[in-house]
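There are 2 protein chains.
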Amino acid sequence: MATDFTESNAADAVIASFADTPDPRLRNVLTSLVRHLHDFVRDVELTSAEWEKAIEFLTAVGHMCDDKRQEFILLSDVLGVSMLVETLNARGPEAVTASTVLGPFHVVESPARRLGDSIDLLGDGPPCVVEGRVVSLDGTPLPGAQLDVWQANDQGFYDVQQPDVQPLGNGRGLFTADSEGRFRFRTVLPSHYPIPTDGPVGQLLNETNRHPYRPAHIHIIVSADGHAPVVTHVFVADSPYIESDAVFAVKRSLIHEFREVSDPDEAERYGVTAPFRLANVDLVLEPES
Amino acid sequence: MATDFTESNAADAVIASFADTPDPRLRNVLTSLVRHLHDFVRDVELTSAEWEKAIEFLTAVGHMCDDKRQEFILLSDVLGVSMLVETLNARGPEAVTASTVLGPFHVVESPARRLGDSIDLLGDGPPCVVEGRVVSLDGTPLPGAQLDVWQANDQGFYDVQQPDVQPLGNGRGLFTADSEGRFRFRTVLPSHYPIPTDGPVGQLLNETNRHPYRPAHIHIIVSADGHAPVVTHVFVADSPYIESDAVFAVKRSLIHEFREVSDPDEAERYGVTAPFRLANVDLVLEPES
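Chains as they are written, first to last, in our numbering: chain A, 2 to 290; chain B, 2 to 290.
Source of the hints: derived by calculation from the structure; they are not laboratory data. No experiment lies behind these values; they were computed from the predicted model shown. It cannot be assumed that every hint is accurate.
A pair counts as met if it fits within one copy or between any two copies, since identical chains are not told apart.
[What the hints assert, rightly or not] Derived pair list, reagent style EDC-like, types lysine to aspartate or glutamate, alpha-carbon separation capped at 16 Å: (1) Lys69 / Asp199; (2) Lys54 / Asp24; (3) Lys54 / Glu87; (4) Lys69 / Asp118.
Excised from the complex, chain A in its bound form (with noise of 0.2 Å):
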């Protein structure tokens, strides 16, 4: 008997299609993306000339992906996916530091820097000290514990992003926790950045009256033997945007104070000229089961 494809047979022929595939998972993976995604088709009855405009819009975004940018990510990334990806990957004790998205300005890796370093190799932005202690999930510090930190500058721009005004690793540094799972450094207060807006991204965020910026934060992965690594961000509380990350990627418990400190011996004290912004931002990692 030979197929009829209909609208509500639509679906199950295409899953049936995919019935010899060895790999079981991959079987599971593509029987609910068509299920879901025909629902959706079916749901807004998509028009030939919307399913054109998708077609075309898909093209875009892949013709905007090289080694430089990839704008895939960057669709996934506004469409909340990544932090889904992260959130649903990254289960564990409410006491642990939440993960977040890594981003594309990682690099592997960060300038080793010691302890109390300044990451801003410039030193002309808002000066700024961040500080805290790296435990275990049960409060024990982890000493040795490593911090691989980077950041946009003041004017919201990484490194890799302006070779000519930025040596490269600034905003980036590896460090190293004291025996008592201490750190700091010293760094300029982060801004608010928007995402690249020049490709077929940029341009959905305009048709749909989205803007494109990100809060300030600074990125952190943190490790210690035995230990889950956390790839995260510590946010800065009263940064522009924090309710409203084009890429979703905040949680309120990575939300800290970046406390503005005039007290001129403090600023000494840290190694910088008053006034400065301070944050104690506590790190708690899961022991590998």
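Put chain B on the given structure of chain A with help from the hints.
For chain B alone, kept in the frame of chain A given last:
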């Protein structure tokens, strides 16, 4: 109060970000897309590695697209989305000739030919005659109806795929029905053929043990004054893969017997040599409202 991104509120947060979209239709489509996309990711608990693989796959699909190749349409085809959109947008009375996918090999426009002409310019394939009538929904003949016909040859290739073998226009013809809505043309019996498998979509079919073949068919776009045009196929009933078209374009009503005729007199009447194949195809159009 700052946003807190969680598994359960993720889709709502993304949907809310599209709330100010000026075009209400775009807002509705994006709302449904986000809902279904997040449901998919949550249902399968997509891993970070799988997400990366998906990003790589979509990027490869985009990079395969140029002015001669549309890999995203191919992806839409093998997921049954193209046919679903086609079906949703061509709802009509059951008696009307069903529509199916246009495919990538239509050219504007086919060479005009006279009724009874052969579209087989090389004369080296198994002879075949297609004849029939174009009528309105109530059975009234539609004199002057136009039939834009194109097909692969008996090796499964369209003219544009074999520029060194086939003259341009081989397998193509624009016919005008006579005063009784009748049409007739000679051709070769088309062969089944594979969709392109040298890209990421071919790799997907390979990984899922799906064959890439389309059953033998002749494309026709039928149009007549005051009637909705129909983009359709005439499928060859005894073709391999008639039950498992790689792009799901088969509807039962579009399958036609290509009867083998061995009578030399009948062959002579049609201007071919015996044995030949003969298909009778009536095409029914719906009056435009």
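Okay, the hints, checked on the actual structure:
With identical chains, the CA atoms of lysine 69 and aspartate 199 are at most 16 Å apart within one copy only, with a shortest distance of 14 Å there and 26 Å across copies. Proximity of lysine 54 and aspartate 24 under a CA criterion of 16 Å is satisfied inter-copy only: 15 Å between copies versus 33 Å inside one chain copy. Proximity of lysine 54 and glutamate 87 under a CA criterion of 16 Å is satisfied inter-copy only: 15 Å between copies versus 29 Å inside one chain copy. Proximity of lysine 69 to aspartate 118 under the C-alpha cut-off of 16 Å is found in neither arrangement, the shortest distances being 30 Å within a copy and 56 Å between copies.
Against the hints set out earlier in the document, a violation occurs for number 4 only.
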